[in-house]
Amino acid sequence: MGLEFKTVFCGKKFPNPAVLPSGFLGVNAEVLLRVLDEGGAGAVTMKSIGLVEREGNPNPTVVPWEHGVINAVGLPTPGIENLNDEWQGLNGRMDRVIASILGGSFEDFEEVAKAVAVHKPALIEPNISCPHAKGHGQAFGLRAEDAAKVTEKVKNAVGKIPVMPKMTPQAHDIGEVAKACVDAGADAICAINTVGPGMLINIEARAPVLANKRGGLSGPAIKPIGVRCVYDIYEATGGEVPILGMGGISHGRDLIEYAMAGASMYGIGTAIHYTRDLDVFGDVLGETEKWMNQEGVKNLKDVVGVAHK
Amino acid sequence: MDNHVIVKIKKIEQECSDIKTFWFEQELNASPGQFVMVWLPGIDEKPFTLSSIGNESAISVQKRGIFTEKMHKLKEGDEFGVRGPFGHGFHFGKTTKPLLVGGGCGNANLTALAEMLAEHGKKPAYVLGARTADLLPYEKRLEKISDLYITTDDGSKGEKGFTTQKVEELLGKEGFDCVFACGPEVMLVPLLEVCKKKGIECQFSLERFMKCAVGLCGECCINGKLVCVEGPVFDKKHLEQLTELGKFARTKSGKLVDLGEYSKGNKC
Ligand SMILES: Cc1cc2nc3c(=O)[nH]c(=O)nc-3n(C[C@H](O)[C@H](O)[C@H](O)COP(=O)(O)OP(=O)(O)OC[C@H]3O[C@@H](n4cnc5c(N)ncnc54)[C@H](O)[C@@H]3O)c2cc1C
Ligand SMILES: Cc1cc2nc3c(=O)[nH]c(=O)nc-3n(C[C@H](O)[C@H](O)[C@H](O)COP(=O)(O)O)c2cc1C
Ligand code: FES
Numbered sequence: 001m002g003l004e005f006k007t008v009f010c011g012k013k014f015p016n017p018a019v020l021p022s023g024f025l026g027v028n029a030e031v032l033l034r035v036l037d038e039g040g041a042g043a044v045t046m047k048s049i050g051l052v053e054r055e056g057n058p059n060p061t062v063v064p065w066e067h068g069v070i071n072a073v074g075l076p077t078p079g080i081e082n083l084n085d086e087w088q089g090l091n092g093r094m095d096r097v098i099a100s101i102l103g104g105s106f107e108d109f110e111e112v113a114k115a116v117a118v119h120k121p122a123l124i125e126p127n128i129s130c131p132h133a134k135g136h137g138q139a140f141g142l143r144a145e146d147a148a149k150v151t152e153k154v155k156n157a158v159g160k161i162p163v164m165p166k167m168t169p170q171a172h173d174i175g176e177v178a179k180a181c182v183d184a185g186a187d188a189i190c191a192i193n194t195v196g197p198g199m200l201i202n203i204e205a206r207a208p209v210l211a212n213k214r215g216g217l218s219g220p221a222i223k224p225i226g227v228r229c230v231y232d233i234y235e236a237t238g239g240e241v242p243i244l245g246m247g248g249i250s251h252g253r254d255l256i257e258y259a260m261a262g263a264s265m266y267g268i269g270t271a272i273h274y275t276r277d278l279d280v281f282g283d284v285l286g287e288t289e290k291w292m293n294q295e296g297v298k299n300l301k302d303v304v305g306v307a308h309k
Numbered sequence: 001m002d003n004h005v006i007v008k009i010k011k012i013e014q015e016c017s018d019i020k021t022f023w024f025e026q027e028l029n030a031s032p033g034q035f036v037m038v039w040l041p042g043i044d045e046k047p048f049t050l051s052s053i054g055n056e057s058a059i060s061v062q063k064r065g066i067f068t069e070k071m072h073k074l075k076e077g078d079e080f081g082v083r084g085p086f087g088h089g090f091h092f093g094k095t096t097k098p099l100l101v102g103g104g105c106g107n108a109n110l111t112a113l114a115e116m117l118a119e120h121g122k123k124p125a126y127v128l129g130a131r132t133a134d135l136l137p138y139e140k141r142l143e144k145i146s147d148l149y150i151t152t153d154d155g156s157k158g159e160k161g162f163t164t165q166k167v168e169e170l171l172g173k174e175g176f177d178c179v180f181a182c183g184p185e186v187m188l189v190p191l192l193e194v195c196k197k198k199g200i201e202c203q204f205s206l207e208r209f210m211k212c213a214v215g216l217c218g219e220c221c222i223n224g225k226l227v228c229v230e231g232p233v234f235d236k237k238h239l240e241q242l243t244e245l246g247k248f249a250r251t252k253s254g255k256l257v258d259l260g261e262y263s264k265g266n267k268c
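Line by line, the protein sequences are chains A and B. Residue numbering for the first sequence follows the working numbering, beginning at 1 and increasing consecutively. Residue numbering for the second sequence follows the working numbering, beginning at 1 and increasing consecutively.
Keep in mind that the hints were calculated from the coordinates and are not lab data. Where a beta carbon is used, it is the ideal one built from N, C-alpha and C, also for glycine. Hints may be right or wrong, so weigh each one.
As the list claims (entries may be wrong) - Simulated restraints, written as ranges between beta carbons of each label pair:
#1 Lys122/B x Asp277/A: 29 to 37 Å
#2 Glu168/B x Arg93/A: 36 to 44 Å
#3 Gln241/B x Lys134/A: 34 to 42 Å
#4 Glu38/A x Glu201/B: 23 to 31 Å
#5 Asp235/B x Asp85/A: 25 to 33 Å
Said to hold, decoys possible - To give an idea of the chain B side of the interface with chain A (calculated C-beta under 10 Å), a few residues:
#6 His4
#7 Val5
#8 Cys217
#9 Gly218
#10 Glu230
#11 Ser253
#12 Leu256
Hey, can you work out the whole structure from these sequences and the hints?
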């Protein structure tokens, strides 16, 4: 794999555009570095970081089903106070790390952003889109005003670090929310977080499978929604704002769909489960490269947004 | 098996004062050392290794906290959910003279392994340890299929002392080719040292806090290794790299803490 995947996103350089999305494999420095070094991802996103320690929901919290995964982990986080080992472990590699942050109020977002910015991640990703943690996540991402306000607060707190709010597909008009964030200073947009909430019922147990009953859907089932959301965002922002697209990318062809909808970096999360290891990043890029060779596409950039023509 | 299968408890056996075995009729295509997620709807879902594998499967549960106390209240005929099996079990194809070392509820998967080894004509030696006599599980099952050595910390049964002392003695006398172990990390750490010193191969089954069991959430990491999919059984080469072994573990929030703080209430 070579030059065709070199990526510049918000002025930051990455060897390739494949990204580990937030929430997969946690905040543990050693495992995140493995995703970069063994898995070959271009960047990794830390699990959303909160101000104070949160345990998340009781189990079952993450359950695979026929077409993806349903989860209601409930935003567990060690809290910014308890991450020193991880920052130390990631020291020197932060140019490849995206820091996702969560908050229960605008002030929370500001405070976490400030604390995280000290460690100079490549980008900061306010999570305004998680659908299963009451008063957090999606609570700030459904309405354009709230999303813009979070963006503004975070932007003011982090200096030059690019800010990339993460959108929820549950917003009535995701394009409008994204546009409002960009107007408030967002440098890029991440989309999408999980879809739902949904529910699975175990019919023998006569009970919902998740302890939280409701949870967000990810994986193959949500790909068409993710692609449409990225398409809407690209349209609403005039194709001028970099987009990190995700939702059900499991193969090269899925990644290319996201590219054509307008994304220039690509999250691969739930697909880790199907292969059960970190090779998925290299595999998806390999498949993408094969398609490009067949089609005579020299650089992936050449197909970004082409579905809009 | 991604989805939970609801199974009916066929038989419950009290193994020792704090461990009960729950037998259920569900063939799980599993190998010793693999585990399942056990679900009590409305309560929680937690990992348990299989203590017997075959037409009938079993898990053995040590009473520790809320979930395991609820398990201990279940009666024959009651139901629970299982999904799995997950993870990598013990690799026992190559061993010809195995030594098994178990502490407390760590004996669950080793008992399944001992049965499998005996079936394959490789009767193992087994060092079974506990703090006191009333905490010794599986004695009757193991007597039949292994050369059994019992140690208790207080000498209330078998030899007084720790399993590691017995292991050192046995390794000095007989030509074992692999040590298979599961138990508290205060036992595993010195045991690893013994295996290193004697230059003998080993495989240990480890525990870390689990949520997804399928390698997605990252909760179960030890030094960046995912215990749920890359373990729970690790071989010597990998064990030697785990600097967190016996020292640190992650709590439910993902916070890295001292092992002592992690296993508060952990009687194993
Ligand atoms: C791969 C694996 C296999 C296991 N096999 C067995 C077994 O065969 N028999 C047995 O009795 N126990 C086994 N355990 C431990 C068992 O999961 C815990 O004893 C149980 O979850 C305790 O729940 P509780 O609510 O009763 O106690 P709590 O009070 O919640 O916890 C007591 C201790 O149990 C451990 N624990 C709690 N929740 C989890 C979790 N979700 N994942 C991992 N550890 C946890 C922690 O060390 C904790 O300090 C295994 C654990 C793992 C990871
Ligand atoms: C178990 C799990 C945990 C997640 N945790 C977070 C999180 O903490 N923050 C966040 O922004 N998104 C989180 N997500 C959403 C993912 O980052 C991603 O947006 C979504 O899963 C779609 O991508 P995929 O289909 O490739 O998995 C989580 C998803 C899963 C399955
Ligand atoms: S328990 Fe989720 S990754 Fe191991």
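How the hints compare with the structure:
Range check, Lys122/B to Asp277/A: Cβ separation about 31 Å, and the 29 to 37 Å hint holds. Judged by the Cβ atoms, the range 36 to 44 Å given for Glu168/B and Arg93/A holds: they are separated by roughly 42 Å. Distance hint check for Gln241/B and Lys134/A: the Cβ-Cβ separation is about 40 Å, which falls inside the suggested range of 34 to 42 Å. The hinted range of 23 to 31 Å is satisfied by Glu38/A and Glu201/B, whose Cβ atoms lie roughly 25 Å apart.
Taking the beta carbon of each, Asp235/B and Asp85/A are about 26 Å apart, inside 25 to 33 Å as hinted. At a threshold of 10 Å, the smallest CB-CB gap from His4/B to chain A is about 6 Å, leaving the interface hint in force. Because the closest C-beta pair between Val5/B and chain A is about 8 Å apart, less than 10 Å, the hint holds. Interface restraint check: Cys217/B against chain A, minimum CB-CB distance 6 Å, threshold 10 Å, status holds.
For Gly218/B, the shortest C-beta to C-beta distance to chain A is roughly 3 Å, which falls under 10 Å, so the interface hint holds. The beta carbon of Glu230/B comes within 9 Å of a beta carbon in chain A, closer than 10 Å, and the hint placing it at the interface holds. Using the Cβ-Cβ criterion of 10 Å, the hint placing Ser253/B at the interface with chain A is satisfied: the shortest such distance is roughly 5 Å. Satisfaction of the interface hint for Leu256/B is found here, the shortest Cβ-Cβ separation to chain A being roughly 5 Å, below the 10 Å cut-off.
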